[in-house]
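Engineer: Each chain, letter by letter, is given below.
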Amino acid sequence: MTDATIANPAPAKASSPTRSAFADMWRQFRAHKGGVAGLIVFTFIVLAVYVGPYIHRVAPNQLNIREKNQWPSLAHPFGTDNLGKDMLAQVLAGGRISLAVGITAMLLALFLGTLVGVLSGYFRRLDGPLMRLTDLFLALPLLPLLLVILLLFRDTLRAAFGPETGIFILIVVVIGVTSWMHTARIVRGDVLAVKSQEFILAAKSSGMREYRIVLRHILPNVLSSIMVSATLGIASAIITESSLSFLGLGFPSDFPTWGRLLFDGANFLQLTPSRVLWPGLAISATVLSVNYMGDAIRDALDPRTLKR
Amino acid sequence: MQLDGIDTGKRAIRALKSRQINIKGNSSMKKLKHLLVGTVAVLALGGTAAHAERGTDGDLKALFWQAVSTLNPYLSGGTKEVFASSIVIEPLARYDEKGELVPWLVTEIPTVENGGVAKDLLSMTWKIKPGVKWSDGTAFTAEDVIFTWKYCTAPDGGCAQAAQYEGVKNVEAIDPNTVKITFTEPKPYPYSAFVGAQSPVIQAKQFKDCVGAKAPGCTAANFGPIGTGAFMVADFKPNDVITFKANPNYRDPAKPAFASITLKGGGDAASAARAVLETGEYDYAWNAQVEPEVLQTMLAAGKGRLEISFGTQVERINLNHFNADPSLGAKRSTKEAGPHPSLSDPAVRRALSLAIDRDIIVEAGYGQSGRATCNIVPAPEVVASTKNDSWCLKQDIEGANKLLEDAGWKKGSDGIRAKDGVRLSYLYSTSTNSVRQATQELVKAMWAEIGVDAELRNASASVFFGGDPASPDTFQKFYADVEMYTNNFDGTDPEKYLAEWLCDKIPGPANGWQGQNIPRYCNPDYDKLVGELSRTADLDKRAALAKQLNDMLTEEGAHITLVHRGDQSSFAATLEGIKMNSWDSQVWNIADWSRKK
Chain A
123 MTDATIANPA
133 PAKASSPTRS
143 AFADMWRQFR
153 AHKGGVAGLI
163 VFTFIVLAVY
173 VGPYIHRVAP
183 NQLNIREKNQ
193 WPSLAHPFGT
203 DNLGKDMLAQ
213 VLAGGRISLA
223 VGITAMLLAL
233 FLGTLVGVLS
243 GYFRRLDGPL
253 MRLTDLFLAL
263 PLLPLLLVIL
273 LLFRDTLRAA
283 FGPETGIFIL
293 IVVVIGVTSW
303 MHTARIVRGD
313 VLAVKSQEFI
323 LAAKSSGMRE
333 YRIVLRHILP
343 NVLSSIMVSA
353 TLGIASAIIT
363 ESSLSFLGLG
373 FPSDFPTWGR
383 LLFDGANFLQ
393 LTPSRVLWPG
403 LAISATVLSV
413 NYMGDAIRDA
423 LDPRTLKR
Chain B
211 MQLDGIDTGK
221 RAIRALKSRQ
231 INIKGNSSMK
241 KLKHLLVGTV
251 AVLALGGTAA
261 HAERGTDGDL
271 KALFWQAVST
281 LNPYLSGGTK
291 EVFASSIVIE
301 PLARYDEKGE
311 LVPWLVTEIP
321 TVENGGVAKD
331 LLSMTWKIKP
341 GVKWSDGTAF
351 TAEDVIFTWK
361 YCTAPDGGCA
371 QAAQYEGVKN
381 VEAIDPNTVK
391 ITFTEPKPYP
401 YSAFVGAQSP
411 VIQAKQFKDC
421 VGAKAPGCTA
431 ANFGPIGTGA
441 FMVADFKPND
451 VITFKANPNY
461 RDPAKPAFAS
471 ITLKGGGDAA
481 SAARAVLETG
491 EYDYAWNAQV
501 EPEVLQTMLA
511 AGKGRLEISF
521 GTQVERINLN
531 HFNADPSLGA
541 KRSTKEAGPH
551 PSLSDPAVRR
561 ALSLAIDRDI
571 IVEAGYGQSG
581 RATCNIVPAP
591 EVVASTKNDS
601 WCLKQDIEGA
611 NKLLEDAGWK
621 KGSDGIRAKD
631 GVRLSYLYST
641 STNSVRQATQ
651 ELVKAMWAEI
661 GVDAELRNAS
671 ASVFFGGDPA
681 SPDTFQKFYA
691 DVEMYTNNFD
701 GTDPEKYLAE
711 WLCDKIPGPA
721 NGWQGQNIPR
731 YCNPDYDKLV
741 GELSRTADLD
751 KRAALAKQLN
761 DMLTEEGAHI
771 TLVHRGDQSS
781 FAATLEGIKM
791 NSWDSQVWNI
801 ADWSRKK
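Chains A and B, in that order, are what the protein sequence lines are. Residues in the first sequence are numbered consecutively from 123, following this note's numbering. Residues in the second sequence are numbered consecutively from 211, following this note's numbering.
These aren't lab readings, by the way, just hints derived from the structure by calculation. Even glycine gets a Cβ: it sits at the ideal position worked out from N, Cα and C. Errors might be hidden in some of the hints.
Claimed, not checked - Computed spacing ranges between beta-carbons, pair by pair:
#, chain 1, residue 1, chain 2, residue 2, range
1, B, 714, A, 284, 32 to 42 Å
2, A, 261, B, 680, 18 to 28 Å
3, B, 599, A, 392, 49 to 59 Å
4, A, 172, B, 609, 48 to 58 Å
5, A, 188, B, 601, 23 to 33 Å
6, B, 453, A, 165, 51 to 61 Å
7, A, 410, B, 672, 32 to 42 Å
8, B, 680, A, 392, 38 to 48 Å
Only chain B is shown next, with the shape it has when bound in the complex:
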């Protein structure tokens, strides 16, 4: 489908982020409140869990339409690899479906209050749950945690998740069940190493000869990691089928309910959804990115249901603030090209946003899995602004026309507005995917109503998100006037994400097109405010600043946000215990999945 591109895109963007120097001095303490609530939630959960015996529910058939190529997430940042490996290997703590941290292999989440995080914010201590065993029966100790850090930070290792360990100075064992992490600088938000599906702990014994340049060669280990999770790998055929069976040494003797999992890879989003929802051949299909009405016909068969969760993904149209005229050759979309002849006019940017009816775009392409939004930071709740919803969420063709008229853009004989020989005609690019192409057509029709023309172009997702500096079609190069794609931020703190719109993050030949400020937005006031955010520790103040930054981007038209997108997967009607999660792996609680009797 459609989304063949989006996953790749996220991966590319993540890779970009990991190359960027981390912004230090982050002091987001707002997490702490969530942590406590999360701990309570998990305790409550634990009480209701013991319902069945291990392995009584037979085989769980899962379908990933992008096939899994390795089970070592440190060697591939792809969502599919991260998800599949999270069935086997686990982090110390992870995010639950509400985006709250829950202790997983540890007894509690370290905080300043409980003494787990040092007052100077330079170190933290994790206490491993006693009695956790690897699937081969050996004990899970602090040494494994230390090894994981060494494995991912080894030189020449090419670790895909290196960003998770940024700023970590040392990891040491205080005793076999206690791990102390020290940081190079104070870390107000220290939960990234060993937290979440992207940073699981691997077994030191299994991977000890696979460090550094030798990592990719350890096929047996990479294809069959020993883990602490509810399942262990029985058989792995790369890019095809993985068979898992229940881990006999799993810490909860009553779980998992399923005896085995067969995870099949390949196909496309529509056929995967059909196999679950309509024919019932499979129990779980990841990422049902298919047109809503097509899903409706599949759902009519009554064999399955869709589960949707909302993270921070926002489909947006970036407006190029630099001139992208092809006659400028290699200079286009860089500072040397100068400001964009028409998009540098704030009235034009505002009018383009006003002309769009976001509800129609949601209805046509996203259905239940999308919401109209005017924010680039749409979640979590505390940082989601509502300030611009009043003018931006509603289509206002008249207002947009008036705005353009007043700014001197007059309609020509062809119905396209122009001023001083500059026509409002834009090259509109995106990745190839049926929902994106439909959105392009809708937006083009809406813009036509205010006398703005668009030429549509799409590039294969692997090219568009590929990041190849030699290709003119990548989203980083932005050799177009406007371009559309989805991006999100990891975790729940938007500071790093909002710092992407800083002036010095503009991509260009000088930095190998690696900046993340794709719209080439530059506002010194914005930069100043981001600096203030990075120095602020107070939770409420941070949220207020994040909202202010988000509103600034919307009001000044750095981009046009369209849809807050959810993750949507299909599940068989008989499956129980699923908690769709956009903050961590979708199969984060697979130990709790069971079949309705």
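Extracted from the complex, chain A is given alone in its bound form:
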């Protein structure tokens, strides 16, 4: 393989020369039926959430107290809430925030977790300190920590980026820096296993630089477990965000997110069931589809399955 494929780090000694690694992975991915279904659902959700507002042109924060608690109709396909806000518009707007928070926070956690995991797995001298740091973070009580972070930085970020972007950055960072530990643990374990294999020894004896070994040989081999924790990370980030909103620490209350819509709608379950049905369905479908996709990606990236 050439350097051109570095962007898609291919497993060492993977494919036959006639096929590109990417095509191999895609073939493998397609073989996983759940993964394909997950991809379709997830793509649909992302499209709906980002393109939907151009089709359903109702402002999510438009109050109309005279049309409150309505069941689904043509004007309001998902009904309205107790202030007369259109639920479809709210679910779409909420999805944009929830997905953005989930994915960004996951990427941040993934980056931190992989960095710590690879460093402590590969360099023995760093192992002790970094793993103790991980233990430290695992032992930290999350909620008081979040409270302190939010109190310390809320006003600064609000002044610098405005209320919405400021709180978005804050929440993404807070969720990211408090959820990387499991990824770090898993990655470290995998790196330790891979490190002792012969091809690493071969690479070392051929005089390859250490960072090249990590990037070219170690990372591709631990990618599958990283992908799995990534998919789980999206789900837990969406849920953490909703619990923060519930405590009044998240976005302003007129800023819909799926978690908040679900929480606000719970009391109205009998009156307008669609208020909890749609946000709940959206969260479940996103989490489930992302999990299936992760499963399929793991299969596709696993060098052992590729041989088949």
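We have chain A; now place chain B onto it with these hints.
Structural biologist: Frame of chain A; chain B shown alone:
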């Protein structure tokens, strides 16, 4: 729900009040008229009462969605503790559902007319009903009353109701059935010690070793006080279930109708209301603070009903008269920060009030349990002003826009008004609770119509009302431009309450953020008028002054009053004899409750 916050809030505010020095020289005599009427009412009641035998109606299942942690109200000022303990222990006199004083363990309410209150207003005498017995069979005497005063005023006792005994110099027994209270200064309105659910009499024998610092350690006594009430404690699991059974030594042999009460704690307001109104598993659930339409669906099941009573709670938006710009750091919302750049303009304050349609807020969040109001003193009737209702109760977007236009606030390209670089954009904070958040959104939408922007923020009720001087999110610190919550005053006399808006009550670092003048309103004329009120004894003049003060606050825009809130609880359809009471404990007349046959 929603109201997890409001109860805590009231408690915090009450704690605040108790720390404040009492304003002396109060001379509210208007009570006396009520007293006489109250006495008559109770006599009439007594005549119709004997309907059943004691303990024939089985078990009463009650639900408090905030669990009860102790049955000693002197160790916890929480509403839930006060209410639960009022089933067992009783005061000498209490307020009925109309806010009128009724004698409870005494023969009559002492007044100047009947000689119970001395002419110099320095002492009063209570005559205990003969034959009142504690649930253990021993006699209730003046010694118990004296002990209660000593218990609550003992040093290191941390008594939560110490404010009730403020200004009391001595309590002494003239004979076993007569108690004399002397005051340090003339007290025109002496009914606070041993009056109301917050100041019940406890048994001297049971608590004699629990005075002062030892009070919290007396678990057996605190969890199972011996009382004179219709029920006695059978079993108490803190923060979970309390079982009461009928008191065999209760003074009326025909009462109570119920043999026992099971009081379960925990859950949330909506599920508690549902358990009574929809599934019928419980007979009584306290504080049904749930969106009106949700309650309607529950009521449709026909298993229960809602009872509402109105006290003095008013949901209001405080307008910060000081600058709350975060760039000022620790100085914000204090005098050093200077006046607020836009809210110090009376036109802005008036426009913000004009833009609000209070009826919509009531409809969306309160239903039957709220009324639009323009008064900070909404009750009782004699002091409730109607002067500002004409302009304030009706939404007037055009008028508000014109007012702002004339004052030089011009709309910018983003639709937000500004003048000299100051934008009408406000940080709007409140406690976390679904009705409050809905109100915030409604107000934001209404303000948007006059070119005013709002950024919404909410803090958990335990933080917002927590009073922690280290937290920037408390309502006392008011690190926001506007903030919304509910407050009320105890009893029926508003003088102490109206004195909260005095200039020297502004919270700040100097007084540990303990002042009650949350909006930082300061007007020397207002201060002068409050001084006049404290020197006035004549009932009608007092009422007129109170109205004048209330109108001043509304007209000058110290705050924007939104909703006069009622207390709302759910009861099983089969329960009878309930008189919802906002002036005392909701279960004040639990001896009269019975089940329809």
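Engineer: Indicate, hint by hint, whether the structure satisfies it.
Structural biologist: Hint by hint, here is what the structure shows:
At about 38 Å, the beta-carbon gap between residue 714 (chain B) and residue 284 (chain A) stays in the expected band of 32 to 42 Å. In this structure the supplied range 18 to 28 Å holds for residue 261 (chain A) paired with residue 680 (chain B), their Cβ-Cβ distance being about 24 Å. The hinted range of 49 to 59 Å is not satisfied by residue 599 (chain B) and residue 392 (chain A), whose Cβ atoms lie roughly 37 Å apart. The hinted range of 48 to 58 Å is not satisfied by residue 172 (chain A) and residue 609 (chain B), whose Cβ atoms lie roughly 42 Å apart.
Between residue 188 (chain A) and residue 601 (chain B) the C-beta distance comes to about 25 Å, which sits within the given range of 23 to 33 Å. The supplied range of 51 to 61 Å is met by residue 453 (chain B) and residue 165 (chain A), whose beta-carbon atoms lie about 58 Å from each other. Range check, residue 410 (chain A) to residue 672 (chain B): about 35 Å between beta-carbon atoms, so the 32 to 42 Å window is met. For residue 680 (chain B) paired with residue 392 (chain A), a C-beta distance near 42 Å keeps the hint of 38 to 48 Å intact.
The structure shown violates the earlier hints numbered 3, 4.
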